[in-house]
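In the working numbering, the protein residues as written are 1 to 36.
Worth double-checking, as some hints may not be accurate.
Said to hold, decoys possible - What follows is a list of derived Cβ distance ranges for each label pair: (1) Val5 <-> Gln34: 41 to 49 Å; (2) Gly12 <-> Gln36: 35 to 43 Å; (3) Ile3 <-> Ile33: 44 to 52 Å; (4) Phe9 <-> Ala32: 29 to 37 Å; (5) Gln34 <-> Ala2: 41 to 49 Å; (6) Gln36 <-> Asn4: 44 to 52 Å; (7) Leu11 <-> Thr31: 27 to 35 Å; (8) Ala2 <-> Glu35: 48 to 56 Å; (9) Glu35 <-> Ile3: 45 to 53 Å; (10) Phe8 <-> Ile29: 27 to 35 Å; (11) Ile33 <-> Lys13: 29 to 37 Å; (12) Ala32 <-> Leu11: 48 to 56 Å; (13) Phe8 <-> Gln36: 30 to 38 Å.
Simulated from the structure, these hints should not be mistaken for lab results.
C-beta atoms are modelled at their ideal positions from N, C-alpha and C, and glycine is treated no differently.
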Amino acid sequence: MAINVAIFFALGKKIEEQLGSLNLILIFISTAIQEQ
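All chains should be modelled from the sequences, with the hints used to inform the complete structure.
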C-alpha cells in the first residue's frame with residue numbers, strides 16, 4: 001500500500017512539473033503574440 005502511495009506521489013510530481021513548464025510556454029507564447 002505504501003509503495004502505491006509513493007508511486008502515485010512521484011507521478012503527481014512529474015505531472016505537476018510538466019504542467020508548470022507548459023504554463024511557462026503558454027505565458028511566453030501569449031506575451032509574444034501581444035508584442036506584435
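Results of checking the hints against the structure:
1. Taken as a hint, the range 41 to 49 Å holds for the pair Val5 and Gln34, whose Cβ atoms sit roughly 43 Å apart.
2. The given range of 35 to 43 Å is respected by Gly12 and Gln36, whose C-beta atoms sit roughly 37 Å from each other.
3. With their beta carbons about 45 Å apart, Ile3 and Ile33 fall inside the hinted range of 44 to 52 Å.
4. Distance hint check for Phe9 and Ala32: the Cβ-Cβ separation is about 35 Å, which falls inside the suggested range of 29 to 37 Å.
5. In this structure the hint that Gln34 and Ala2 lie 41 to 49 Å apart at CB holds, the actual value being about 48 Å.
6. Remark: the range hint 44 to 52 Å for Gln36 to Asn4 is upheld by a beta-carbon distance near 49 Å.
7. Range check, Leu11 to Thr31: about 31 Å between beta-carbon atoms, so the 27 to 35 Å window is met.
8. For the pair Ala2 and Glu35, the beta carbons lie near 50 Å from each other, so the given range of 48 to 56 Å is met.
9. Checking the proposed 45 to 53 Å range against Glu35 and Ile3 shows it holds: the Cβ atoms sit about 49 Å from each other.
10. A beta carbon spacing of about 31 Å between Phe8 and Ile29 agrees with the range 27 to 35 Å that was offered as a hint.
11. Range check, Ile33 to Lys13: about 31 Å between beta-carbon atoms, so the 29 to 37 Å window is met.
12. For Ala32 and Leu11, the hinted distance range of 48 to 56 Å is not satisfied, since their beta carbons lie about 32 Å from each other.
13. Separation of Phe8 from Gln36 is about 43 Å and departs from the stated range, judged on CB atoms against 30 to 38 Å.
In this structure, the earlier hints numbered 12 and 13 are contradicted, and the remaining ones agree with it.
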